[in-house]
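Protein sequence lines, in the order shown, are assigned to chains X and Z.
The numbers in this note's numbering rise by one with no breaks, and the one at position 184 of the first sequence is 170.
The numbers in this note's numbering rise by one with no breaks, and the one at position 7 of the second sequence is 101.
Any given hint could be a false lead.
Selected chain X positions facing chain Z (Cβ under 7 Å, derived; list incomplete) [to be verified]:
#	residue
1	SER28
2	GLN33
3	PRO170
4	GLY173
5	PRO176
6	ARG212
7	PHE219
8	SER256
9	GLY324
10	GLN325
11	PRO353
12	ILE359
Below, in silico cross-link-like pairs of lysine to any residue (SDA-like), each with a Cα-Cα straight-line distance of 25 Å or less [what the hints assert, rightly or not]:
#	chain 1	residue 1	chain 2	residue 2
13	Z	LYS134	X	HIS192
14	Z	LYS352	X	GLY188
15	Z	LYS134	X	GLU25
16	X	LYS182	Z	LYS341
17	Z	LYS134	X	ARG238
18	Z	LYS98	X	LYS182
19	Z	LYS341	Z	MET132
Just a sample of chain X residues kept apart from chain Z, beta carbon distances all over 12 Å, derived [unchecked claim]:
#	residue
20	TRP115
21	SER205
22	TRP223
23	LYS253
Think of the hints as simulated: they come from the structure by calculation, not from any bench.
Note that this is a predicted model, so its numbers are computed, not measured.
Cβ coordinates follow ideal geometry from the N, Cα and C atoms, glycine included.
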Amino acid sequence: MNENIKFVQGNEACVEGALFAGLDFFAGYPITPSTEIAELLSIRLPQRGGKFIQMEDEIASMCAIIGASLTGSKVMTATSGPGFSLMQEALGYAIMAEIPCVIVNVQRGGPSTGIPTRVSQGDVNQARWGTHGDHAIVAITASNHQDVFETTVEAFNISETYRTPVILLYDEVIGHMRERLIVPKEGEVPSVKRLKTSVREGVDYHPYLPREDGRLPMSDFGGVHRYNVTGLFHDMWGFPSDNPKVVHDLLRHLVDKIHNNVNQITKYKSYYLDDAECILISYGSAARSALHVVDYLRPRGEKIGLLELQTLWPFPHSLISEKCRKAKYVIVVEMNMGQILKEVRIAVEEPEKIFLANRIDGVFITPMDIRNIMRLIQGKGV
Amino acid sequence: MAIKDYLRERFFPHLWCSGCGHGIVLNSLLRALADLGMSKNEIVMVSGIGCSSRISGYVDFHTLHTIHGRALAFATGVKLSRPELNLLVPMGDGDALAIGGNHFIHAARRNIDLTAIVMNNRIYGMTGGQYSPLSGQGIMATTAPYSNIDYDFDTVELAKAAGATFVARSTTYHTQQMTKMFRQAILHEGFAMVEILSQCPTYFGRKNRAGSAIDMMESYKENTTPIGSKSKMENPDLIERGIFVQKEVPEYCNEYDKIIEKAMKGR
Ligand SMILES: Cc1ncc(C[n+]2csc(CCOP(=O)(O)OP(=O)(O)O)c2C)c(N)n1
Ligand code: SF4
Chain X
-13 MNENIKFVQG
-3 NEACVEGALF
7 AGLDFFAGYP
17 ITPSTEIAEL
27 LSIRLPQRGG
37 KFIQMEDEIA
47 SMCAIIGASL
57 TGSKVMTATS
67 GPGFSLMQEA
77 LGYAIMAEIP
87 CVIVNVQRGG
97 PSTGIPTRVS
107 QGDVNQARWG
117 THGDHAIVAI
127 TASNHQDVFE
137 TTVEAFNISE
147 TYRTPVILLY
157 DEVIGHMRER
167 LIVPKEGEVP
177 SVKRLKTSVR
187 EGVDYHPYLP
197 REDGRLPMSD
207 FGGVHRYNVT
217 GLFHDMWGFP
227 SDNPKVVHDL
237 LRHLVDKIHN
247 NVNQITKYKS
257 YYLDDAECIL
267 ISYGSAARSA
277 LHVVDYLRPR
287 GEKIGLLELQ
297 TLWPFPHSLI
307 SEKCRKAKYV
317 IVVEMNMGQI
327 LKEVRIAVEE
337 PEKIFLANRI
347 DGVFITPMDI
357 RNIMRLIQGK
367 GV
Chain Z
95 MAIKDYLRER
105 FFPHLWCSGC
115 GHGIVLNSLL
125 RALADLGMSK
135 NEIVMVSGIG
145 CSSRISGYVD
155 FHTLHTIHGR
165 ALAFATGVKL
175 SRPELNLLVP
185 MGDGDALAIG
195 GNHFIHAARR
205 NIDLTAIVMN
215 NRIYGMTGGQ
225 YSPLSGQGIM
235 ATTAPYSNID
245 YDFDTVELAK
255 AAGATFVARS
265 TTYHTQQMTK
275 MFRQAILHEG
285 FAMVEILSQC
295 PTYFGRKNRA
305 GSAIDMMESY
315 KENTTPIGSK
325 SKMENPDLIE
335 RGIFVQKEVP
345 EYCNEYDKII
355 EKAMKGR
């Protein structure tokens, strides 16, 4: 048997992806349904000389990974709703100080303690706007374990390329469900190394001076260059500044470096979209049911297709607008009260043709749920 | 190395008020580093938010100015991933013991090797004079206009109870003692906590009619006494200065290295 084939939970697929991407340091605090990630990494990381620490809370976990990342480590933390709420201030710090890090949020039902062991996709907007102030963020998701593996590697790659935190927005069904995973061999999936400065020791290094291509080479904190890192607006040396031009330019840079690269960052999957009159748009575990509906109805002559989003933020508005142009109607399938629905309505020319098929009761949305809602929309009755 | 060489002159003038005790703490700290002959590249300073935390901007080390209360959590990440670095973590009393109290006790409990410095002015300086958990009863503050009813606690007792393996206290009046303590704290392998009583003439001083900065420093001389002194027995209200705890206990990063060894061997 090929030892690279595993039968695992989604949380384990995420761990495999993180280790493949070169994870060196993990700090976390237990919370259902993400705990397996911490437990597995407490075994696996020291086996390869990496570090695992269980901190006193999620605030501390987020802060610890930022500190570790600065020194040159690839870092991650994993949590769920309540813990993700606690991480928001430090997440903003990582955005401001441009520190690569990966935050996994295995979503459960909220608000508050909500419904810990049940599925939800209610944190989509929290991932976008959970921390204060104008900013850009990258959040990606997946619907099966092979994709969990690949999006986890991708999260590390994006975080290094753009010097930004990346949120992996999985959900309880993905985290806990078991299915097959084939772990690729080294090199089969690209893994981005940290871009290090070529500035030599003793020469003035500017931690926040972008190269021509917009990227900011890093120097391991504690190494040969001494510099300041702060959550205040800062100049190219990392020194605090309230100069209006410095403030304006930095904020623009933080947003533009992500939003100008939507096309490079966006990952999605499409099924039968070419001639589709009805398009389902979905993501995460809900996309599994949506795909099931498409696979069932296509052979029965229905012109139906699926657009599965993997990148949720930055939202791929132009992709949506282009793919949905010819559709008669579009149904967004998600397990919240329409968080992606709103973005889709903004993206398309005829928002009135966009509908929602959702569940918000902690129960996984089934193909039958979606088909019932489709019949209502088509005026056929349930 | 001359003390001046540890400073980032580009960053001056500093933002502290004249008479603020925080600059005296900086001075003593730099003297300690100079005495130890430490190079700038081996020192990482991690601070939070507050007047005290601005100290990290003024020194030419690797400096990480973080968010309010969380300096020790950031420092834990830096230290665990690069144990060879020397970490200094200066904090205000609000920073370290109100919003950051949880991180304080857990960093102490882990005995991770770093030097935590609590610059205790018993008030929130940066935000304009609100009471802190170290203010204590009867203190006037902008949020205690009728006088404070909150009890304070003793930083030294808290650090001891949490498991800190080096615990000391001094004041901005006792600069030589402070420098010596910093030297010992930095050399100590494990979690070292040094509390420095540091005056805030602008808010604590004015609100509490404590007089000028010099008056406040003189009160440190009058109200404190060496640990176990005769005057403490005569007047239990005196605050003790000195080293309260100094013990050898396995350090966190070293212990984690043993975990790595075990894990690599397959337990
Ligand atoms: C999360 C958060 N809450 C509140 C503040 C506002 N704030 C900034 S500094 C500070 C307290 C400063 O007091 P202290 O830590 O004692 O330091 P000092 O300024 O007296 O040196 C507060 C409440 C903040 N920056 N972040
Ligand atoms: S407000 Fe108080 S603590 Fe802040 S700089 Fe002035 S004197 Fe120092």
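To see whether the hints hold, each was checked on the structure:
1. SER28: Constraint on SER28(X) not satisfied, violated at 9 Å.
2. GLN33: Hint on GLN33(X): holds, closest Cβ of chain Z at ~5 Å, below 7 Å.
3. PRO170: Hint violated; PRO170(X) Cβ to chain Z Cβ min 24 Å, cut 7 Å.
4. GLY173: Violated, because the Cβ-Cβ distance from GLY173(X) to chain Z comes to roughly 24 Å (cut-off 7 Å).
5. PRO176: Violated, because the Cβ-Cβ distance from PRO176(X) to chain Z comes to roughly 24 Å (cut-off 7 Å).
6. ARG212: holds, 5 Å
7. PHE219: Hint on PHE219(X): violated, closest Cβ of chain Z at ~12 Å, above 7 Å.
8. SER256: Violated: closest Cβ of chain Z sits about 40 Å from SER256(X), beyond 7 Å.
9. GLY324: violated, 33 Å
10. GLN325: Constraint on GLN325(X) not satisfied, violated at 27 Å.
11. PRO353: violated, 44 Å
12. ILE359: Since chain Z brings no Cβ nearer than about 44 Å to ILE359(X), farther than 7 Å, the hint is violated.
13. LYS134(Z) to HIS192(X): Cα-Cα ~18 Å, so holds.
14. LYS352(Z) to GLY188(X): Violated, because 36 Å separates the two Cα atoms, which is more than 25 Å.
15. LYS134(Z) to GLU25(X): Not OK: LYS134(Z) and GLU25(X) at ~38 Å, beyond 25 Å, violated.
16. LYS182(X) to LYS341(Z): With a Cα-Cα distance of about 40 Å, the restraint between LYS182(X) and LYS341(Z) is violated, given a limit of 25 Å.
17. LYS134(Z) to ARG238(X): Judged against 25 Å, a Cα distance of about 34 Å means the pair is violated.
18. LYS98(Z) to LYS182(X): The given pair, whose Cα atoms are some 30 Å apart, is violated under the 25 Å limit.
19. LYS341(Z) to MET132(Z): holds, 23 Å
20. TRP115: holds, 18 Å
21. SER205: Non-interface label fails for SER205(X): nearest chain Z Cβ at 10 Å, not farther than 12 Å.
22. TRP223: Per Cβ check, TRP223(X) is inside 12 Å of chain Z; nearest 8 Å; violated.
23. LYS253: With a cut-off of 12 Å, LYS253(X) remains clear of chain Z, as the shortest Cβ separation is near 29 Å.
Consistency note: the structure conflicts with the earlier hints numbered 1, 3, 4, 5, 7, 8, 9, 10, 11, 12, 14, 15, 16, 17, 18, 21, 22.
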